[in-house]
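4 protein chains.
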Amino acid sequence: MVSPMTGYSGTKDDHLKRLRRIEGQVRGIAKMVESDTYCIDVLTQVSAATKALQSVALNLLDEHMAHCVVAAAREGGAEQDTKLREASEAIARMVKS
Amino acid sequence: MVSPMTGYSGTKDDHLKRLRRIEGQVRGIAKMVESDTYCIDVLTQVSAATKALQSVALNLLDEHMAHCVVAAAREGGAEQDTKLREASEAIARMVKS
Amino acid sequence: MVSPMTGYSGTKDDHLKRLRRIEGQVRGIAKMVESDTYCIDVLTQVSAATKALQSVALNLLDEHMAHCVVAAAREGGAEQDTKLREASEAIARMVKS
Amino acid sequence: MVSPMTGYSGTKDDHLKRLRRIEGQVRGIAKMVESDTYCIDVLTQVSAATKALQSVALNLLDEHMAHCVVAAAREGGAEQDTKLREASEAIARMVKS
Numbered sequence: 001m002v003s004p005m006t007g008y009s010g011t012k013d014d015h016l017k018r019l020r021r022i023e024g025q026v027r028g029i030a031k032m033v034e035s036d037t038y039c040i041d042v043l044t045q046v047s048a049a050t051k052a053l054q055s056v057a058l059n060l061l062d063e064h065m066a067h068c069v070v071a072a073a074r075e076g077g078a079e080q081d082t083k084l085r086e087a088s089e090a091i092a093r094m095v096k097s
Numbered sequence: 001m002v003s004p005m006t007g008y009s010g011t012k013d014d015h016l017k018r019l020r021r022i023e024g025q026v027r028g029i030a031k032m033v034e035s036d037t038y039c040i041d042v043l044t045q046v047s048a049a050t051k052a053l054q055s056v057a058l059n060l061l062d063e064h065m066a067h068c069v070v071a072a073a074r075e076g077g078a079e080q081d082t083k084l085r086e087a088s089e090a091i092a093r094m095v096k097s
Numbered sequence: 001m002v003s004p005m006t007g008y009s010g011t012k013d014d015h016l017k018r019l020r021r022i023e024g025q026v027r028g029i030a031k032m033v034e035s036d037t038y039c040i041d042v043l044t045q046v047s048a049a050t051k052a053l054q055s056v057a058l059n060l061l062d063e064h065m066a067h068c069v070v071a072a073a074r075e076g077g078a079e080q081d082t083k084l085r086e087a088s089e090a091i092a093r094m095v096k097s
Numbered sequence: 001m002v003s004p005m006t007g008y009s010g011t012k013d014d015h016l017k018r019l020r021r022i023e024g025q026v027r028g029i030a031k032m033v034e035s036d037t038y039c040i041d042v043l044t045q046v047s048a049a050t051k052a053l054q055s056v057a058l059n060l061l062d063e064h065m066a067h068c069v070v071a072a073a074r075e076g077g078a079e080q081d082t083k084l085r086e087a088s089e090a091i092a093r094m095v096k097s
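Chains as they are written, first to last, in our numbering: chain F, 1 to 97; chain B, 1 to 97; chain U, 1 to 97; chain C, 1 to 97.
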């Protein structure tokens, strides 16, 4: 059964695949540090993992907007206000991280 | 033996500890998605992991500058130019990711 | 008369005030460069102006979501899809800039 | 006479040209808001101005590293430590803004 709380249920497998790849990237970065890889090459991989995480965040947000925010907008009232404030705060955290 | 190529040899254990924590954070995010956690709560954890990765990158860069860039500056010539260009490109990737 | 196209009509004066302050900050940075101010002090002001611009963007986006996206969500259909895609692209640009 | 404190004296005119262009961009954004331009189009220009500011910052930092940081590295001691710490803090502000 699909949770009523998540906007990403249709694309869960995609997100899981990407997150596992990122987990592998971070493990690979630890191995690079372990074996004294040149700093700049480690940094390149850290930037790649950071970009991959931001891309997951952008996709999750898109789905959240297309499902949860749209549903709340149709309902209006306090639910709409809560969803807009939450989305706004999540976007601010993404922009600043 | 310590590699002559890395600026972070003195703090390797700290970096490894932080990277393992981030690996655990990413695994935790996958579990949140797996169990249909509310999108906004997933996004909060993705932003936290992103910030943690950026912090690892800033520390690696500091050590790279304090060791490799300083050594190259004292040597001068082509080695200095290479190290400055590499550092510049790594910083640009961090700012844009 | 208020344009039907903007979500920020109620807060236009605030945005204008902030943008004029940022314009002044950028002019001040040019003056710092003009008078050979120490690089690091110039960089501090560039980061402050960048943060101020991002803050304007976050506020404009909030208002866009609260007005234009909410209205489109209630209308549904192609208008909703367009507004969601536009917002998604604007957020991606903000995260990457 | 060239100030001994700045690493960007050779490229001052370039920086000034870019900063004046950014000042014009910000003024243009205020005009867009003034005339009720559609939010998303305003946001596109805000992101462009933000990117332009970050690019100025990256260039200033490059020159600071190639001149001030290199000179301090050759001098060593407290001056080197100060310059490295300042550069590190400036980079952290750029990554977070």
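Heads up, a few of these hints could be off.
Identical chains blur together in the list; that is why a pair holds if it fits in one copy or across any two.
To be verified - With a Cα cut of at most 20 angstroms, we get these calculated EDC-like pairs of lysine to aspartate or glutamate:
1) K96 / D62
2) K31 / D13
3) K31 / E63
4) K17 / D62
5) K17 / D36
6) K12 / D62
7) K31 / D14
8) K17 / D81
9) K12 / D36
10) K51 / D81
11) K96 / D13
12) K12 / E63
Hints were generated in silico from the structure; no laboratory data involved.
Evaluation of the provided hints:
Taking the shortest alpha-carbon separations for K96 and D62, both the intra-copy value of 18 angstroms and the inter-copy value of 16 angstroms come in at or below 20 angstroms. Proximity of K31 to D13 under the C-alpha cut-off of 20 angstroms is restricted to the inter-copy arrangement: shortest distance 12 angstroms between copies versus 27 angstroms within a copy. Taking CA atoms no more than 20 angstroms apart as the test, K31 paired with E63 passes between copies only; the shortest distance there is 18 angstroms, against 34 angstroms inside one copy. In this assembly of identical chains, the alpha carbons of K17 and D62 lie at most 20 angstroms apart only when taken from the same copy (18 angstroms versus 31 angstroms across copies).
In this assembly of identical chains, K17 and D36 lie within 20 angstroms of each other by CA distance solely across copies; the values are 15 angstroms between and 29 angstroms within a copy. In this assembly of identical chains, the alpha carbons of K12 and D62 lie at most 20 angstroms apart only when taken from the same copy (13 angstroms versus 27 angstroms across copies). In this assembly of identical chains, K31 and D14 lie within 20 angstroms of each other by CA distance solely across copies; the values are 14 angstroms between and 26 angstroms within a copy. Taking the shortest alpha-carbon separations for K17 and D81, neither the intra-copy value of 33 angstroms nor the inter-copy value of 26 angstroms comes in at or below 20 angstroms.
In this assembly of identical chains, K12 and D36 lie within 20 angstroms of each other by CA distance solely across copies; the values are 8 angstroms between and 36 angstroms within a copy. For the identical chains of this complex, K51 and D81 are neighbours neither inside a copy (30 angstroms) nor across copies (26 angstroms), given an alpha-carbon limit of 20 angstroms. When the C-alpha separation of K96 and D13 is checked against a cutoff of 20 angstroms, the pair qualifies neither within a copy, at 28 angstroms, nor between copies, at 25 angstroms. Taking the closest pair of Cα atoms, K12 and E63 come within 20 angstroms of each other only inside a single copy of the chain (11 angstroms); across copies the shortest separation is 30 angstroms, beyond that limit.
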